[in-house]
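Visitor: Take a look at the letters that make up each chain.
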Amino acid sequence: MMGKSYRSFASWALIGLCFGLADRTAWAIDPALVAAAEQEGQLVLYNCDIGESPVQVKRFSELYPKIKVTTYVASCWQTYNRHVAERGAARPIADVFVSTDDVFMKMNDEGLLEGYASPELAHFPANTRPANSDYIRYKALLAAFTVNTDLMKGQPIPQDWTDFANPPAQWQGKISFYDPRTSSLAFTVLATLHQQFGAEGARKIYAGLKAMDAELSSSTPAGVTKLLSGEKPIMFYILTNQYGATVAKGAPIVFNVPKSGAIGTNFGVAVLKGAPHPNTARLWADFILSEGQKVVTSRAEYALRKDAPAPQGMPPLSTIKILPTDFRKALEDQKPLIAFWQEATGIR
Amino acid sequence: MRNSSSALARHLPHLPAVLIVTVTMLLPLAVLIIYGFTSFEDGQRTVSLKPLARVLTDSIYWQALGNTVGISLLATLVATVLGTALGWLFGRTDLPKATLLEQLATLPIFIPPFVGAVAWTLLAAPRIGAFNVGLRNLGLPEVLDIYTPGGMAWVIGIYLAPYVMMMVAGALRSMDPSLEEAARVSGLDGVRTATRITLPLIAPAILSGAVLAFTIAIGLFGTPVVLGWAKQILLLTSRIWIAAQAVPPDYAAMAILAIYLIALSLIANGLQRWLLGGRSFVTVTGKGFRPHAIALGRTRGPCLALVGFYLLLTVAAPLAILIAACLSTYTWSGRFTLGNVAEIAGSADVWDTLKNSIWISVVSASITLVLGLEIAWLANRTKLRGRRLLETLALVPVSVPGIAFGVGVMFLWLHAPIDVYGTAWVIILAFVGRFTAYAIRPIGASLMQVHPELEESARVAGYGWLRTLIHITLPLIRPSIVASWILLFSIFMTELSMVVLLYSANTRTFSVLSFETWSTGIFSVLAGLSILQLLVGASIMLFVRRLFGSRALSNS
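Line by line, the protein sequences are chains A and B.
According to our numbering, the first sequence holds residues 1 to 348 in order.
According to our numbering, the second sequence holds residues 1001 to 1556 in order.
Keep in mind that the hints were calculated from the coordinates and are not lab data.
Take these hints with a grain of salt, some might be off.
Derived SDA-like pairs: lysine to any residue, alpha-carbon spacing no greater than 25 Å straight-line [to be verified]:
id	chain 1	residue 1	chain 2	residue 2
1	A	Lys58	B	Ala1342
2	A	Lys210	B	Glu1142
3	A	Lys204	A	Ala330
4	A	Lys106	B	Ile1242
5	A	Lys68	A	Glu110
6	A	Lys335	B	Thr1038
7	A	Lys294	A	Ser75
8	B	Lys1355	A	Gln42
9	B	Lys1355	B	Ile1367
10	A	Lys58	A	Lys106
11	A	Lys58	A	Gly250
12	A	Lys259	A	Lys335
13	A	Lys68	A	Val84
14	A	Lys68	B	Trp1351
15	A	Lys210	A	Ala169
16	A	Lys273	B	Leu1414
17	A	Lys329	B	Glu1041
18	A	Lys210	B	Gln1245
19	A	Lys153	B	Asn1506
20	B	Lys1383	B	Trp1274
21	A	Lys58	B	Asn1506
22	A	Lys335	B	Leu1052
23	A	Lys106	B	Phe1040
24	A	Lys335	B	Leu1414
25	B	Lys1355	A	Tyr64
26	B	Lys1231	B	Ile1242
27	B	Lys1383	B	Tyr1463
28	B	Lys1355	A	Val57
29	B	Lys1231	A	Arg348
30	A	Lys335	A	Arg203
31	A	Lys273	B	Val1420
The structure presented is a predicted model; accordingly, all values stated were derived computationally and were not measured.
Next comes chain B alone, as it looks inside the complex (with noise of 0.2 Å):
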């Protein structure tokens, strides 16, 4: 009795935890399952193998299985590569002007993927691209071809590479630097330390951003129709989008194929957990430690002009394409004007939209990333009963696309007996739902690096578990949180395709207002609006990391 009362009193306060969980990720998921598993004939739903076997017997979707893992895979190298490259040159060594290029190398996720992508096709389509033109006019072969799935690897790449470059940067600011000075005692040069030393040592890191670049790869939807319509590459997403639009939609192709993704997602996480499984990765333990830069010494000129390079592909041509745009008036009419800017100024509709994207997505972020947190925290630091079960169930949703989670959702909060079905939280519990995962991993990676030996301290010391990770825990991954809660805020601030399923009233979003511009064919005004859009992101990006700041880096 007395054992049984402890272990309530244990599980009692991690409840809410669970029931969020069940409400914003297992029911809506239910939903699609039921969806996929049942058929509604003469007004009746039965359980039903009919959509299952309808998508296994019908090549276009292995054919679309194979591109989503093909180009998701390409897309994930390309991103981990960058991101972590990236991330050890900011978050590690004496790179000159080393904040200011990481905040701009994070520019590229606060612009909506489409657009990001509708940028590209004008620097690399065929024969109008500015980067084809530019070797037309130097006597070269125009090469490039935005439309194959190099491309649109290329292209979700560059773009999914901040996130693993932010997951990678936190973890080595959390990082005890004392190996890597052993090692380079020991004779390591600069780079060899960082491949030898550092690289393991934020495995975790690296293949959690991994992980999650796969993940969002494969959810991707905005970016696979604008440049794979055209050859018809059609990706998994863009096979859900053409049963969404059927009349009435076909809800259970819609749902085999997003499970088809989830166990994607499940095979890569399991991947991961295999590779990590049994390692320690403990780099911060009770000992007090100040992170020393490593001195790039004559590697540094070809690092920044590296980083330059990168900043040129992601943000500099696609901005410059963007502003180019706005201040035409129409993309390419070689007449400028500040019309478009004028128009989107003075629209009070463009700015209760942004007002609309801001609220959502900061209390989004704030709600994902307490529960992701707890979440992080319950696997990795207790031996709660059923702990591994709740993260994995968590992560599931982030593989699920939007468009068929935003489904689950909305017939969720139709069909429940309380009124959020038209409310802003509806898009809240959505974000929650899906997004979780983008806290959990890393945070998870973080607190894998710090040993439990301080926190056992604090509880010897009296103090309670709350006390202990407030006290304790959150300032060592103080990083991770900061950087955790920035990718959170982006992807809402620019997510669509479940909003767009959702939205209503008085939350309509300024994606949504985005994606109606796009649907008037008028890319200038689109431009201008992505503009605005990346710099009231990049300035709360800024805000938040000045209040709640990023470790600095000795240079001793």
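In isolation and in its complexed conformation, chain A is listed as follows (with noise of 0.2 Å):
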């Protein structure tokens, strides 16, 4: 457990100065696709981290004015779903994407995406751009345990996955899980899980969460407010953008990863073929890459950019053990998975 130092973020001024304000040279845009971008003067984002892209949209209009950013903001999937369906009717609207793993997969597949080199990639880990890929990673986003620590005080707290095979009495119906039909993130877990522990494991651990009449949220921040408000003082987990925004308000959790390890995904960028404003969308990635990892930070966030410190209080990222994910092969399991945890969970 990483305890209530988590609290604490009366120091993120300090990490800015540490932090990238340092050297805003050292981050310049080239000046070339500043001008063209701001010869074409409007940006749409479609962006499935709902709590992020305001704050970034605001650094970035901070930064440059003459740019008019509108965004389309829903889950990662419905992102994908409808930029699909106006592609499929020849009116693309959106310029750059940011999404996850899973769906920047699917659309580099299906050759949505438009390969970009920034220059940023430079200050960025080999890995960040995946090989054969025309996306780029710019933050992890990490999946572990959290409760309500006001309201679970002497009680035991889950440490890994397998504690809800068999869980204590103590969490009967305290806990709230989610459904991977409704968000992508609740999908990655499940696939993760089944890849990791195998069916038997998996099955038990979706079992022991229906033995303790655990209740299914729609999605991870419906969790969030029943946390708070204390109607069910255990999350099967928290993602990192939730418990950073959470966290930030004083609220009394804790970021606990497993022993056997975070399940995480990552948050990319990409521009899109034909956007229809590309000097802007490449001015986003660039931005991305470079200012916006600041935001990530300041946001309890893990950005990928190798100056890019942890967030305040949280172990390095590379000192966290993340269980693998198979994005490809639960793609191509989707719809197996999710009668396996129908059937697990006896929801239909």
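Hey, can you piece these two chains together into the complex? The hints should help.
Guide: Next up, the structure:
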């Protein structure tokens, strides 16, 4: 457990000073690109990081006030579905996409992305741009355990995924978990548990949740609301982007990495093929990979740029054990995995 | 030749209405039906009954249908009983401070239903709900559970009651009270006059309200998801949402389930017509009248208490929850701050989306009202061929859940040769298409109460149909018109399920912003946004009421 130190966010300003602000020229964007983007004057962003999107847009608009940014924000697969529908009707609106590994994998396979070799890539680890892919990862999103510590004092809290297979009686009626039919991260967790613990192991985990009368929420944010109100003081998992925003409000919660490993995905950025405003799209990508990394860190999330520090009070990303996920296999097995989950939980 | 020319002359002024109905209602529905009865295989779309067979043979969809019908009927009962009682008390009696109380009772319609549902979880969820905590502190059993079919029906019902109330109050204000006076002269007291004379006379408005409440209830999306998901009490709209999340979306299942809802709506409408068929509800004739308030006498106190209890449950308690949440660092930290208020007040995004919402809602409500008025007038005041068909067609889309109708609108305008998709007009056209029924119902109910002799006299005096409409009919049904506009405006200010599919670029609305805030899990900011939305909506409602005013009741 990483304790209460996570709650202290008063020193974000200090982080800002340490990180990035020190040398703005190092992050200078190509002036020719800026001029071309300002000439286009508009950027349409499709983004499925609902919490981060307005913060990034605000910062971008401060830096480039001549460019009007408009956004469509929804769940990751919804943004994908909408873009595909618009392309199918020969009315592409979006210029740039922000989404997760699994969505980008599919978009890449379908030839929807334009390769953009951002000069900022030099400051990132080698796997930031996955092989044969046209998207660029810029932050890691981790799923780990959380509880409302005020309400769980003196009670056991989850240490590993397998704890849910044999849960203690004190957890009865206190857990919320999430629907892989409507939440892309819930599906990622399902697929990873299935891949790592095998069908039987994963079945026991979901059966344990069922035995504890765990409440199914349509999405993790609904679970966060119930965590804070005390209605369901144990979340099956919380995501780093939700944890950061919540703990910043002073909520008494922890970010507890499972012993066998957190489950993770990455958020990436990609310029779309046939984007109506390609230069603003490239400028956005450069921004996200430079100045936007500060925004990521300021929200208590893991930015992937080499010089980005870990969020305040959190261990370096490299020290966190993360369970591997075969996203391609998960996508191929989507229907049988959902059927497996339905059978394990009794939910149809 | 002459006959056909005069028929053309009679029909011509109404062609735009037919065109709007076709473009905004029929074509999106046609797109849905195409998706429901075709399959996309080997790169080609072919006619197929496979989607229908798949839905018909899966028990989960039958269960969803059963849940939808059961919960919606229960919610309709709650809404109709409460709405009728409130409409009568506010519109026809000498209840003290009736105007203020009526305005307070209208407030819930300006809160997005899903926010109201979240507020009710904080009031009546097992263990942590404020009401349950209160019961526990009193040593009583914690009996309330909002995550049950009864809890869902209650929350849906109390938020639909104002719609019924507005329709009933509007009809009562348009009613000649001479029959009530005759009853009282004959010795009936206030309550017996209300139950034996007034209620039967305003039956069209009550039935219209009930059918409207039912059609809204079956198409609701946010409340069933917030309250029903926990115990998997899934309605047809919840199943549509699950189908919409698939990759690719299961448009066929969405369409078939939408057709289920259309069928339910048609049944409700048919039942209404059958119940009212052949009876006259005329209460406004050529004789002048001024409505008189009915003296409640000894029942005044209990009636006031009833209204107070209703306001406590539907306005005061949820509003108190929203205010407390907004002022909390998070829900429930026990620590208070003005940070959330400052965050909202200082956000340009909030004010920009609010402006978008207001102008889109005002324009949409006005267009919808004019179209609804014309269709209701055609149906009730002319013998033009096809008038009933036009009315029936216009009533259908309201029962199609927003998310499904939104898909129809989206695909229609995505493939249209003109640039509507991506502009505010795609949202306005979707609003007009889906919600014109909300104008047709109350206005049609009021028109049924106005005897045609008034308009016939005007025609005899040389007025054309348009002048008759403007100078005779409209003033007589003004309360219903004002109520309809306010109702439409309130719906458009909070509508989410269609807008979330159709908004883009410069047309992001306040409800989308609220939804995005909810998606971060921070209820405190969402509560603040909802209070702001409520204040703005209520202010505009008051402004419109003051501008176009409802006829005042005399107490003589």
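Visitor: Could you tell me which of the numbered hints above are not met by this structure, giving the numbers in increasing order?
Guide: Checked against the structure, the hints that fail are numbers 5, 10, 12, 19 and 24, while the rest are satisfied.
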